[in-house]
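Letter by letter, the chains look like this.
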Amino acid sequence: MTTSNGDSAPAPAPSGGELAHQMNDETKKKYTKDRKVGEGTYAVVHLGHVKSTGLPVAVKKIKLSAMADGISMDAIREVKFLQELRHENIIRLIDVFSSKNQNLNLVLEFLDSDLEMIIKDTKIGFGGADIKSWLAMSLRGLWWCHKNFVLHRDIKPNNLLLSTTGQLKLADFGLARSFSDPYRAMTSTVITRWYRPPELLFGAKSYSSSVDIFSLGLVFAELLLRVPFLPGDSDVHQLKLIATALGTPTEQNWPGVTKLPDYVIPNTDDIRPEQGRLFYGETFRTLTPEGLTLLMSMLRLDPRKRWSAKQCLESEWFKEDPVPTKPELLPRKGGGKGIEKVGGDLKRRAGWDEGTDAAELEGHRGRKVARKLDFGGK
Amino acid sequence: MDDTIYSTSTQHRLFTFTPKQLSDLRYATNKAAIEKITESIKHRAAAAGIAEADVEEIDCPTAEEELKLVAYYCVKCMQLSDHFQFPSNVKATALTFLHRLYLTTSTLTVHPKKLLLPILYLATKTENHYTPINAFIATAATAGPKVTKEDLLDPEFTIAMGLRWAFQVWHPFRGLEGIFLELNAIAAGRYQPPASKSTFVPSASEAKIALLELLAGDVDRIGRAHGEARRLLTTTALLTDVYFLYTPPQISFGAFLEADRELATFYLDIKFPDADVSGKKSKTKLIAVLDEIARNHLSPGVSKESQNPYAGLLLQLPQNGITTSVAMAVDPALVREVTRIDKKLYRVTKRDQDPVPAGGKKKAEETGSASGSQSGNGNGNGNRKYDKDEERRAKKRRLEREKAEREGDVFGASLSEVGKSTTGAS
Chain A
1 MTTSNGDSAP
11 APAPSGGELA
21 HQMNDETKKK
31 YTKDRKVGEG
41 TYAVVHLGHV
51 KSTGLPVAVK
61 KIKLSAMADG
71 ISMDAIREVK
81 FLQELRHENI
91 IRLIDVFSSK
101 NQNLNLVLEF
111 LDSDLEMIIK
121 DTKIGFGGAD
131 IKSWLAMSLR
141 GLWWCHKNFV
151 LHRDIKPNNL
161 LLSTTGQLKL
171 ADFGLARSFS
181 DPYRAMTSTV
191 ITRWYRPPEL
201 LFGAKSYSSS
211 VDIFSLGLVF
221 AELLLRVPFL
231 PGDSDVHQLK
241 LIATALGTPT
251 EQNWPGVTKL
261 PDYVIPNTDD
271 IRPEQGRLFY
281 GETFRTLTPE
291 GLTLLMSMLR
301 LDPRKRWSAK
311 QCLESEWFKE
321 DPVPTKPELL
331 PRKGGGKGIE
341 KVGGDLKRRA
351 GWDEGTDAAE
361 LEGHRGRKVA
371 RKLDFGGK
Chain B
1 MDDTIYSTST
11 QHRLFTFTPK
21 QLSDLRYATN
31 KAAIEKITES
41 IKHRAAAAGI
51 AEADVEEIDC
61 PTAEEELKLV
71 AYYCVKCMQL
81 SDHFQFPSNV
91 KATALTFLHR
101 LYLTTSTLTV
111 HPKKLLLPIL
121 YLATKTENHY
131 TPINAFIATA
141 ATAGPKVTKE
151 DLLDPEFTIA
161 MGLRWAFQVW
171 HPFRGLEGIF
181 LELNAIAAGR
191 YQPPASKSTF
201 VPSASEAKIA
211 LLELLAGDVD
221 RIGRAHGEAR
231 RLLTTTALLT
241 DVYFLYTPPQ
251 ISFGAFLEAD
261 RELATFYLDI
271 KFPDADVSGK
281 KSKTKLIAVL
291 DEIARNHLSP
301 GVSKESQNPY
311 AGLLLQLPQN
321 GITTSVAMAV
331 DPALVREVTR
341 IDKKLYRVTK
351 RDQDPVPAGG
361 KKKAEETGSA
371 SGSQSGNGNG
381 NGNRKYDKDE
391 ERRAKKRRLE
401 REKAEREGDV
411 FGASLSEVGK
421 STTGAS
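Chains as they are written, first to last, in UniProt numbering: chain A, 1 to 378; chain B, 1 to 426.
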């Protein structure tokens, strides 16, 4: 038996799987780590490159301390789904290897900025054609996830990474899961709060790909407004923001909603019908009618009425002028600072944002994602 | 399932083979492991000053024997999973992991017995079936095997590497639910053919009439067929090579065909009516494949005596002495055979560990099979001292083995029996 770390004796021979170990060492030797670009309690991210080609990669090392019960479920989920999902708009997992002390290393495609940086950088200007391009790429990535029976469950601007050639890639699959069987309960405490759909805030135990569509609808809104559309500071507040902006969920606009475990009317004194074109037109003045239709269809209260990723991609908005900007011509951030930021994105335990210290954590953007995962099966 | 999607899956890319490829891989893994251990034992002998000519013959399990041993422990893994009352997906994933791992890992390198619980634990994690590790250990103890946290976690990386970090397994019993639901929809007159086929396929009411005619009042028949197919998919299918050879929907249909040929054929006739010429061609091809799955792999009629459709190839078939059903696992002849292989494996791996190679044989005979021990007997390179502890463990193993042999089972008493008494805990 291999001993736990802290033993002063030389590392004993691994318990079997010689061929596997040999392959592991060969994989490990293919890459170098150049410099650290992010470190958190969960993982360390290094910028590195493929020795033979010089191509840059990001190496995400998941710390042993984060693996009290062996390889953590977050890490397993991330590896599991990224191994299956090969798509231009999904971050590519190039290799996996273990380093000394059984640290898990994920070799990921190198990406140097994310959508959050672009949105927040007031010096960067972008327009409808650019938004169209980013949204189309996000939808394509999401379509592929859903077609593969995978729910991402943490769509938000800083999980939409951008390559040096402008390609957008969905990243951070630590909260992802396969579609559930109808009788198995799912946890409702996923997705960073500002992007969480009403059914999850109402504690739904079964839900589908429409949760990701709602999140992406809010990213769409944020790209238009350049500020988060519904930045709630508690779950109750989040529901209230949704009800005020989009309408109060009721049996009329969402049959069955009152039966959800945590259903409440968040704004009893101000019950509103589900918002229509008028509201959307006033709030998102730059958007064309087709664009408004798309946004409204992504943000429907009743998840069954929301469009699927495929329906969204077939929206007329993508066909009308202006055509989506070519990825390589999109506004970019990138460079030195971008690398550090993406290093920060990647180092996170899925669903968490880690500040540099505890005090900063408190006010940190989108930090309050629920992590209390119950996995059902009760 | 969309074929383009399946073809990008790790199940297809890394773990799908032709029968010949699969067989070759097993022989290659066995050969490499034998070479390695032989060299190691000779090296030890040389270091101890023993001339090569004096080194006793090194008797390793053959590829055939290795496969029998792994197959036997697969049944044990299935029983363990049932003891934990894990859902089908956890059980099936654990079994698939075992099969996949031993394609490239030899039992000479790591004994399957050591991996049953770690693999089961890993399967709970990959299938999103969260089980706190202490609860897992406690439940394991009620089935007999006493494990520590280290026993469960230390092999995790080795297993993951052996699986090439591919944790997604597509199971055919999910697709089976679709067949079941659709047949019920047809019976209820709610069948909706895909738009592209609507000109060929019968209308909902025609389909309903045809099905009700076939059922002839036996309304439970769809449910029974589904139940039997599901039973095959959660037992026999997991003890054969079907996951390596066929796609999940093929396996689902193969099981359904085995369960109720008439009903399965009816279903396919609805999907591919004779009027649809290209569809009919696909159907003929499809039925041939499904037949192969049903007849060669899943049918309870396949036995030791059946003609082997894959003669000369090392596949998991009863004809090769492989346990493909839980019932077969109690066949005394098979148990004796597996015990013999286990002993052989123990002896040779022990020789690779002993500080004095010449002493290997004597001690191996004294201690016998490796069963009963969750720790030790890895292919360690360290010179472990033969001490009092080892002697004590060896004695315990011998006693356990004798007890097991009395009960006709190398693994110990049957799990249900052990569960009831506390004496089984070692």
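Since the hints were derived computationally from the structure, they do not count as laboratory data. All values derive from a computational prediction rather than experimental measurement. You may find that some hints are simply not true.
Claimed, not checked - Keeping only pairs whose Cα atoms sit at most 20 Å apart, straight-line, the calculated SDA-like set for lysine to any residue is:
hint	chain 1	residue 1	chain 2	residue 2
1	B	350	B	34
2	A	63	B	149
3	A	147	B	7
4	B	350	B	39
5	A	147	B	39
6	A	147	B	36
7	A	147	B	12
8	B	271	B	196
9	B	31	A	22
10	B	36	A	22
11	B	197	B	276
12	A	147	B	177
13	A	310	B	195
14	A	100	A	35
15	A	310	B	149
16	A	147	B	168
17	A	147	B	194
18	A	205	B	130
19	B	149	A	73
20	B	36	A	21
21	A	326	A	126
22	B	149	A	103
23	B	36	A	23
24	A	100	B	150
25	A	28	A	46
26	A	205	A	126
27	A	205	B	87
28	A	147	B	8
29	A	61	B	195
30	A	310	B	194
31	A	147	B	130
32	B	304	B	331
33	A	147	B	31
34	B	146	A	69
35	A	30	B	130
36	A	147	B	13
Violated hints, by number in ascending order, as checked against the structure
Violated hints: 5, 6, 15, 26, 29, 31, 33 and 35; rest satisfied.
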